[in-house]
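Place chain B on chain A using the hints.
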Amino acid sequence: MPLWVPVRSQVAPAACLSPSPEAPRALSLFSSSSVFPLPNSQCLVWRTDLLVISSFRMAEQPYMVASDSETTGDDKSQSAFHDLAIGIEVGTSKCSIAVWNGAQVELLRNTRKQKAMRSYVMFKDDTSTGEVPSGGASNKTAYEEKEILSGSAIFNMKRLIGRADTDPIVHASKNLPFVVQTLDIGVKPFIAALVNNVWRSTTPEEVLAIFLVELKTMAEVQLKRPIRNVVLTIPVSFNRFQQIRVERACTMAGLHVLRLMPEPTAVALLYAQQQQQQQQSLHGSMGSGCEKVALIFNMGAGYCDVATTATAGGVSQIKAMQGCTLGGEDILKNVLYHLLPNFDSLYSNRDMNKIRSMGLLRIAAQDAIHRLSTQSSVQINVDLGDGTKMQRVLHQSEFEEVNRNVFEICEKLIKLCLADSKLAAEDINDVILVGGCSRIPKIRSLVLGLCKKEKEYEGMDALEAAVTGAALEGAVASGITDPSGSLDMLTIQATPLSLGIRVHGGGFVPIIQRNTAIPARKSMIFTTTQDGQTEALIVVYEGEGKMVEENHLMGYFKVTAIPLAPKGTAEISVCMDIDAANTLRVFAGAMMLGTDRANSPFFEVRMPTLDDAHGWCAQALVKTHGSALDLTTIPKELQPQKVQ
Amino acid sequence: DRYRRRGRRNFRIAAAVAEKGFPSQDDVAEDFYAVLGLLPDATPQQIKKAYYNCMKACHPDLSGNDPDINNFCMFINEVYAVLSDPIQRMVYDEIHGYVATAINPFFDDCASKDHAFVDEFSCI
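Chains A and B, in that order, are what the protein sequence lines are. This note's numbering puts the first sequence at residues 6 to 649. This note's numbering puts the second sequence at residues 8 to 131.
Only chain A is shown next, with the shape it has when bound in the complex (with noise of 0.2 Å):
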């Protein structure tokens, strides 16, 4: 009897490798002094934004860090965290920065000793320093909610970075004390903030860049070096076009974005080192076997997200996403319009004593909103200022009932999360409820409910997590390691939304599926729609609509030298890959008839290549070429099997 050796076997995938041990190498404003400055933060944003302006003309580039000079080797051996990532979470009320400090993640205080610091740019005119504006994070002024709320502030730029003013987040953004205005037509939303008696405009990026200058300069002060690779946690829900925007934002900030991480993965890393260091003292070995599954539900002001990860030994796998615009902000206009069903009319001519009372209402509500997490009714007592007074009481089952659109959400995408996952209630080991929102009471009993447990986990801070491992993947992703072992860890990210390409009569076929593991690399074959046709449009899309005016546009291009065929015969390959820093890139071409060979030379394209009106192209697109350029599917048997 023959002894099958399969030989192959013996060879470690490792070896097969030979990993550059170059780490990516900082881009430092200030790589060769040892002693660092602290800068004048005024000085320091108007500075890296100039210096960033000349790479936005680049266009389509990947937009690297402007700096004055490179670090050199020297600067490396200053200090073994020279290049470390520090963690941060934007959130669209709250923002927190967190850094490994060489033994665990410590979040950072302001000078207010706040760790959660409110998210907002305050526009004031003040010729002696200049027109600075200043954000939450600033240690020179706190502002009242009340001053927040006075339409000099720009704040929940979250919900509307990369947006167009045709979308309905943007729509609902109007009931805001500053100025959202929409044109209607696809393009960037104006926004302006109150400065001297006038709107003076801004955008979203804009307010953002100078939001993440302050927490920079805030770190830099605290940690004595120089910042420059951040871990930027993101909402599921965010596209390409939106994640973009927020790099943009770091990029005029003067900061490098190590990774986007979506917030319920960052969760998951951190559940990924507690468990194994539960393993690790219970076994007193490396922690390896014993796999534990847990889903995450993370709502904030802004999002909500829901992911379900698998964890062992110190790797998080990611298993399925979801998410959506929803969250406190939502609520909150809610019961807004339940207290006063007449708001819209109330505040759409935006004088200043009907910008003031809608704060005030805003302030009351939003506290009464808190004060239900722990009660069962609450008393609003509210002057107006303008004559009017609130005075009434909101009851727990009434609050549950104007909000019920927004559980019935929660409720299906934690369904769609463990279908996509393909687990059972009875796999999950535990249920982690981070974000302000989880602290309600009728979403903490619809979570627990949809995951038969009686308790959440607990050993997390519920407005910490995501910003605590963001911090960690940064610390990993710099390559710290730990001789305790608490760094050995790994996220493998899953991407949560689909991605393919516009085919004959406007359908939309992924090629890359939701929740495949990055990095990923994924191909297809396509087929002509007209006889002869030589020429094919790939419109690239990102989402989970049937067709495509559903999804998100994310660019095209055009595949030439297709071979002379009747339709349906000619054969062009569509691949597209994500790599480890998520970036998308697609790749196309025409084959010759009846081979495997390319025709001609392949398309390569990093998506996406689109700016603002991308509401227009898709449309100016059809407008122009009708469907003379359509591809279209090919059967399932013809496609390949798998990627190699």
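Read the hints as simulated data drawn from the structure, not as lab findings. Owing to the predicted nature of the structure, the values given are computational and were not obtained by experimental measurement. A couple of the hints might just be wrong.
[Claimed, not checked] Heads up, simulated DSSO-like pairs for lysine-lysine below, C-alpha to C-alpha not over 30 Å straight-line:
#, chain 1, residue 1, chain 2, residue 2
1, B, LYS56, A, LYS427
2, A, LYS229, A, LYS179
3, A, LYS338, A, LYS359
4, B, LYS56, A, LYS420
5, A, LYS458, B, LYS56
6, A, LYS417, A, LYS460
7, B, LYS56, A, LYS457
8, A, LYS427, B, LYS63
[Stated by the list, open to error] Pair by pair, the computed Cβ-Cβ distance ranges are:
#, chain 1, residue 1, chain 2, residue 2, range
9, A, SER450, B, GLN52, 55 to 63 Å
10, A, GLY599, B, GLN52, 42 to 50 Å
11, A, LYS563, B, ILE94, 34 to 42 Å
12, A, ASN587, B, ILE94, 23 to 31 Å
13, B, GLN53, A, CYS329, 32 to 40 Å
14, A, TYR342, B, GLN52, 50 to 58 Å
15, B, GLN52, A, VAL398, 53 to 61 Å
Cβ atoms here follow ideal geometry from the backbone N, Cα and C, with glycine treated the same way.
What follows is chain B alone, placed relative to chain A:
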């Protein structure tokens, strides 16, 4: 350039599968079990563990975002996607002759010769 080679290989496999329902030499050269250091009778737990270990050894997050590392990692993700899904694994096993009822390919004339296995006797 690398993409094109890969693209072509996809194509060849696709063609091979479609025409004969049989693996090509190319395909066999990429033995999914061997890549993860496993035998074809590995349990789902063993597959998962091998996948995690492999990812820890080669994930770009830990070893630098190099194109080759990314490519290898993409391949491992693909391998795991197939082997962790009972249906896809069954199909893969069927095509590659790893099913429980399979006959020793060295005694089976119908089976294609396989680089991944060595007949010890013929080596002597």
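So, going through the hints one by one against the coordinates:
1. B:LYS56 with A:LYS427: Roughly 19 Å between the alpha carbons, so the hint for LYS56 (chain B) and LYS427 (chain A) holds.
2. A:LYS229 with A:LYS179: violated, 41 Å
3. A:LYS338 with A:LYS359: holds, 17 Å
4. B:LYS56 with A:LYS420: holds, 28 Å
5. A:LYS458 with B:LYS56: Answer holds: LYS458 (chain A) to LYS56 (chain B) is near 27 Å, not above 30 Å.
6. A:LYS417 with A:LYS460: With Cα atoms ~21 Å apart, LYS417 (chain A) and LYS460 (chain A) stay inside 30 Å; holds.
7. B:LYS56 with A:LYS457: Cα-Cα ~28 Å, so holds.
8. A:LYS427 with B:LYS63: At roughly 24 Å apart (the allowed maximum being 30 Å), LYS63 (chain B) and LYS427 (chain A) satisfy the hint.
9. A:SER450 with B:GLN52: 55 to 63 Å: Cβ of SER450 (chain A) to Cβ of GLN52 (chain B): about 34 Å, so the range 55 to 63 Å is violated.
10. A:GLY599 with B:GLN52: 42 to 50 Å: Holds, since GLY599 (chain A) and GLN52 (chain B) (Cβ atoms, about 45 Å apart) stay within the stated range.
11. A:LYS563 with B:ILE94: 34 to 42 Å: Once the Cβ atoms are compared, 38 Å apart, the range 34 to 42 Å for ILE94 (chain B) and LYS563 (chain A) holds.
12. A:ASN587 with B:ILE94: 23 to 31 Å: holds, 29 Å
13. B:GLN53 with A:CYS329: 32 to 40 Å: Between GLN53 (chain B) and CYS329 (chain A), where Cβ atoms are some 37 Å apart, the hint holds.
14. A:TYR342 with B:GLN52: 50 to 58 Å: holds, 52 Å
15. B:GLN52 with A:VAL398: 53 to 61 Å: At 56 Å between Cβs, range holds.
In the structure shown, a violation is registered for the earlier hints numbered 2 and 9, in ascending order.
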